[in-house]
Amino acid sequence: MKTIIFKTASTYLLPLLVLFSIFILLRGHYLPGGGFVGGLIASIAFVIHSFANGIDQTKSIIKFHPGFLMPIGLAIALVSGAAPLLIGESFMTGLWFEEPLSVIGMVGSALFFDTGVYLVVIGVTLTIIFTISETI
Amino acid sequence: MIIAILSGFIVASMVPILSKLIKGKGSILLPFLPLGLFAYFISFIPKVSNGIAVDRFYSWVPSFGIDLSFRLDGLSMLFALLITGIGTLVFFYTFSYLKGHPYLDRFYGYLSMFMASMLGLVLSDNIITLFIFWELTSISSFFLIGFNNDDPNSRKSALLALSITGLGGLFLLAGVLLLGTSGGTYSIQDLLSQSEALKSSANYNWIIFLLFIAAFTKSAQFPFHFWLPGAMKAPTPVSTYLHSATMVKAGIYLLARFTPVLGGTPEWNNTLIIVGAVTMTYAAIHALFRLDMKGILAYSTISALGILVFLIGLGTEQALLAAGVFILVHALYKATLFLVTGIVDHETGTRDVSVLSGLRKVMMPVAIAAFLAALSNAGAPPFFGFIGKDLIYEATLYLGDWAYVLTGAAIVTNVCLLFAGLLAGYKPFVGALPTQFEKVHLPHPTMWAPPLILAGLGLLFGLIPSLIEKSIIQPVFTSLVNNETVIHIKLWHGFNIVLGLSLLTLTLGAMLYWKLKPSENLMSKTLRFEVISPKSLVEKFRSLFIGLAQFWTGFFQNGYLRNYVITILGFLTLLLGYRLYQGVNLYIDFASLTDLTIYEVIVVIIMAVSIIFTVFSKSRLVAVASLGVIGYAICLIFLFYSAPDLAMTQFSIDTLTVILFVLVIYNLPKYKTFSSIGVRIRDGVLSIFFGTLIAILTLEVLSEPLNRETSIFYAESAYLLAKGKNVVNVILVDFRGFDTMVEITVLVIAAIGVFSLLKLRLKSIEKE
Numbered sequence: 001m002k003t004i005i006f007k008t009a010s011t012y013l014l015p016l017l018v019l020f021s022i023f024i025l026l027r028g029h030y031l032p033g034g035g036f037v038g039g040l041i042a043s044i045a046f047v048i049h050s051f052a053n054g055i056d057q058t059k060s061i062i063k064f065h066p067g068f069l070m071p072i073g074l075a076i077a078l079v080s081g082a083a084p085l086l087i088g089e090s091f092m093t094g095l096w097f098e099e100p101l102s103v104i105g106m107v108g109s110a111l112f113f114d115t116g117v118y119l120v121v122i123g124v125t126l127t128i129i130f131t132i133s134e135t136i
Numbered sequence: 001m002i003i004a005i006l007s008g009f010i011v012a013s014m015v016p017i018l019s020k021l022i023k024g025k026g027s028i029l030l031p032f033l034p035l036g037l038f039a040y041f042i043s044f045i046p047k048v049s050n051g052i053a054v055d056r057f058y059s060w061v062p063s064f065g066i067d068l069s070f071r072l073d074g075l076s077m078l079f080a081l082l083i084t085g086i087g088t089l090v091f092f093y094t095f096s097y098l099k100g101h102p103y104l105d106r107f108y109g110y111l112s113m114f115m116a117s118m119l120g121l122v123l124s125d126n127i128i129t130l131f132i133f134w135e136l137t138s139i140s141s142f143f144l145i146g147f148n149n150d151d152p153n154s155r156k157s158a159l160l161a162l163s164i165t166g167l168g169g170l171f172l173l174a175g176v177l178l179l180g181t182s183g184g185t186y187s188i189q190d191l192l193s194q195s196e197a198l199k200s201s202a203n204y205n206w207i208i209f210l211l212f213i214a215a216f217t218k219s220a221q222f223p224f225h226f227w228l229p230g231a232m233k234a235p236t237p238v239s240t241y242l243h244s245a246t247m248v249k250a251g252i253y254l255l256a257r258f259t260p261v262l263g264g265t266p267e268w269n270n271t272l273i274i275v276g277a278v279t280m281t282y283a284a285i286h287a288l289f290r291l292d293m294k295g296i297l298a299y300s301t302i303s304a305l306g307i308l309v310f311l312i313g314l315g316t317e318q319a320l321l322a323a324g325v326f327i328l329v330h331a332l333y334k335a336t337l338f339l340v341t342g343i344v345d346h347e348t349g350t351r352d353v354s355v356l357s358g359l360r361k362v363m364m365p366v367a368i369a370a371f372l373a374a375l376s377n378a379g380a381p382p383f384f385g386f387i388g389k390d391l392i393y394e395a396t397l398y399l400g401d402w403a404y405v406l407t408g409a410a411i412v413t414n415v416c417l418l419f420a421g422l423l424a425g426y427k428p429f430v431g432a433l434p435t436q437f438e439k440v441h442l443p444h445p446t447m448w449a450p451p452l453i454l455a456g457l458g459l460l461f462g463l464i465p466s467l468i469e470k471s472i473i474q475p476v477f478t479s480l481v482n483n484e485t486v487i488h489i490k491l492w493h494g495f496n497i498v499l500g501l502s503l504l505t506l507t508l509g510a511m512l513y514w515k516l517k518p519s520e521n522l523m524s525k526t527l528r529f530e531v532i533s534p535k536s537l538v539e540k541f542r543s544l545f546i547g548l549a550q551f552w553t554g555f556f557q558n559g560y561l562r563n564y565v566i567t568i569l570g571f572l573t574l575l576l577g578y579r580l581y582q583g584v585n586l587y588i589d590f591a592s593l594t595d596l597t598i599y600e601v602i603v604v605i606i607m608a609v610s611i612i613f614t615v616f617s618k619s620r621l622v623a624v625a626s627l628g629v630i631g632y633a634i635c636l637i638f639l640f641y642s643a644p645d646l647a648m649t650q651f652s653i654d655t656l657t658v659i660l661f662v663l664v665i666y667n668l669p670k671y672k673t674f675s676s677i678g679v680r681i682r683d684g685v686l687s688i689f690f691g692t693l694i695a696i697l698t699l700e701v702l703s704e705p706l707n708r709e710t711s712i713f714y715a716e717s718a719y720l721l722a723k724g725k726n727v728v729n730v731i732l733v734d735f736r737g738f739d740t741m742v743e744i745t746v747l748v749i750a751a752i753g754v755f756s757l758l759k760l761r762l763k764s765i766e767k768e
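If you read the protein sequences in the order shown, they are chains A and B.
Counting from 1, position 28 in the first sequence corresponds to residue 28 in full-length UniProt numbering; the numbering is continuous, with no gaps.
Counting from 1, position 689 in the second sequence corresponds to residue 689 in full-length UniProt numbering; the numbering is continuous, with no gaps.
Where hints are given, some of them may not hold.
[As the list claims (entries may be wrong)] Think about it this way: if two alpha-carbon atoms lie no more than 30 Å apart in a straight line, the pair counts; the simulated DSSO-like pairs of lysine-lysine are:
hint : chain 1 : residue 1 : chain 2 : residue 2
1    : A       : K59       : B       : K759
2    : B       : K535      : A       : K63
3    : A       : K7        : B       : K759
4    : B       : K517      : B       : K361
5    : B       : K517      : B       : K540
Source of the hints: derived by calculation from the structure; they are not laboratory data.
Computed from a prediction, not measured in an experiment: that's the story for all the values here.
Next up, chain A with everything else stripped away, as it sits in the complex (with noise of 0.2 Å):
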């Protein structure tokens, strides 16, 4: 599916649906959205850029294998679900700043929460994608 239109497309849609995928992500405690559907939105900007450009091309962009994102996601879910114990609190107890942060909003354990759940989902999705069209 190498055609030109697609790959210029491509190359464009890459870093607008990784930010749209970050907004779906923020927006996600008041409005439709979070860290499941972000990751997704964000495995699919990185799935189409490889299917215009080859997988090799769209590896050169993370640098890193998306394998990693995996115990990354995973260790972020789990700190902040274990932060509340340093304060008494019970573990995953919702503890959130007082004043809004520009941007991005109120920020909680629960947004760090579903950040890790973000990480998680996009590790996982390309490495299974990777996996399976790099071996068939």
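Model the placement of chain B on the given structure of chain A, informed by the hints.
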């Protein structure tokens, strides 16, 4: 006491670390473990012989009533002394027997583990811990029988022993649980006071049945006896220790322990008498036709165990006393004979009694030990065996109706046992020394001293029974009968019928030995009956079972994904069909439904067309694409019914699924028809049925009253408790955050699975 019991486990777990030391000079240190324990238990004798039991209690799982409670009374004391005492000698013996063996460290590890388990078994007052230690003895026995693990026979015997004793273990678990729930406690001591209630309880028959199976498998009673001769594949120290002196007596211990609690009923007594009598005569007659010294001893051990079950079954005070004494008598002479067999095997390389003779000329101390043991076994005065045999006859003689039959069985058994003892303990050492054995020499003293000590004790206890009368036998008797009767054991009872029977046994045994010469010919005659023996029946059953399992697995787990799907859907269809057949509660209130909109109609039509495309398309890509269309149509439906989150997720998932399908399918060969028309029709019919059933089920849900409690809770508390306005997301990351956590972990595992399966397969293909 807990340290005493655990020390064996501690040593066993240290073995891998200290492996170098044990294989070198350090192994001589190990026998001091059982020796120390022996001394430790001896130190309790003054207390126990005064009728005071030593209790130690450690709480373990109090919520289930499982505690590490130990109780050292007369019966436990006898077993603890046997375990540690014979253990000491066996440990010393092993030092020379397996000197330089590459796995000596392992052997000592298993042996220590076994000793600790056995001690735990006889000291436990809690029946659950008793069960745990019981299983540990089976497991350590498995390792010891299979010690020569490069020999397939040895592995097979180990597995056979484990499956039989393990089977018994399961029965024991069921038995103790039933006993515990019926009696309301897991403590043997407390169960003792429940004795009458237990005997009249509805579960009584089940309890004793389960305990009996456990005891019979462990103590090799007919028809479970056949694992024991196989277990003789183990090195001789193991045969001595586990399969004659201690472990096989665990079943006897169990029966003896529960005699005061459950015994005394006709069911209890008659079952034990019958099984014990059959076992003792059957095995004793079997012992006549063996050539292998170990085989002879194995069958005579089974027979002796039968005698013990028989005596416990008789259940009179006389019989229980005889049982208590016979446990000790048997342990002393049988362990000696096994150790002697080990020496003969070790030095000459054969255990065939038709070949061995005249060995006294080259190994005098061994021969003395063997003679002493054979005489004690024969029940010749003034040996301890004589006292044991006297007590047995006394027990059987005064039984009333059945006295003649039972005494007769006892005489037959004793005559055969006497013959077996002479065959193993006398014949190899007398007569002319064949030339091939002239170079045979006496082994290291650590090998010949243990049997000599044991045999010496057999003579000593016979001459001076007062040595153990008050200190050991009386407490055993007290804990067996649970009353204050005082006993006397003595060598000389005067001229009476019992003495007459003893002399008759001796004469008959000597005549039998004179007449019956063991030979290949005789043995092969008995082998003909092997076909109908329990052992071969079990093996036939096993191969049948394996065949069935193979067929069953092959039938269901055939590796074809389509067959799995058919099985699952077919089963579900049957289940749902049956459920709906029983009555459908289908009531649709059309008035309460909203009107159809034009969008919905269009989407449904799109879906229907795509389904037809998917099923009938000739090209895989078209099929996949139309499958994707169905997914997107579902997205739209989600959107219509205001579930934007679901729609978004469904949309992305569908996109990715289609991409994955394309990736895989793109590389497959061009469209081919793999399935016949018949198969397709079958699949179609099944799908239609399944779809219809699911549709009916969904419609049925509509007629159920709606419970909105959960959704209202989430809608109301999402912002208050979790500061979020998107309820779906709040549930995912906050209310049910832990679920999400586990789900992403599962995702990661799946990804790793895909990665490793495909990449590793690739690597192995590359290698080729």
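Okay, the hints, checked on the actual structure:
1. A:K59 - B:K759: The given pair, whose Cα atoms are some 17 Å apart, holds under the 30 Å limit.
2. B:K535 - A:K63: violated (66 Å)
3. A:K7 - B:K759: holds (29 Å)
4. B:K517 - B:K361: Holds, at roughly 22 Å.
5. B:K517 - B:K540: violated (33 Å)
Taken one by one, the earlier hints fail for this structure at numbers 2, 5, listed in ascending order.
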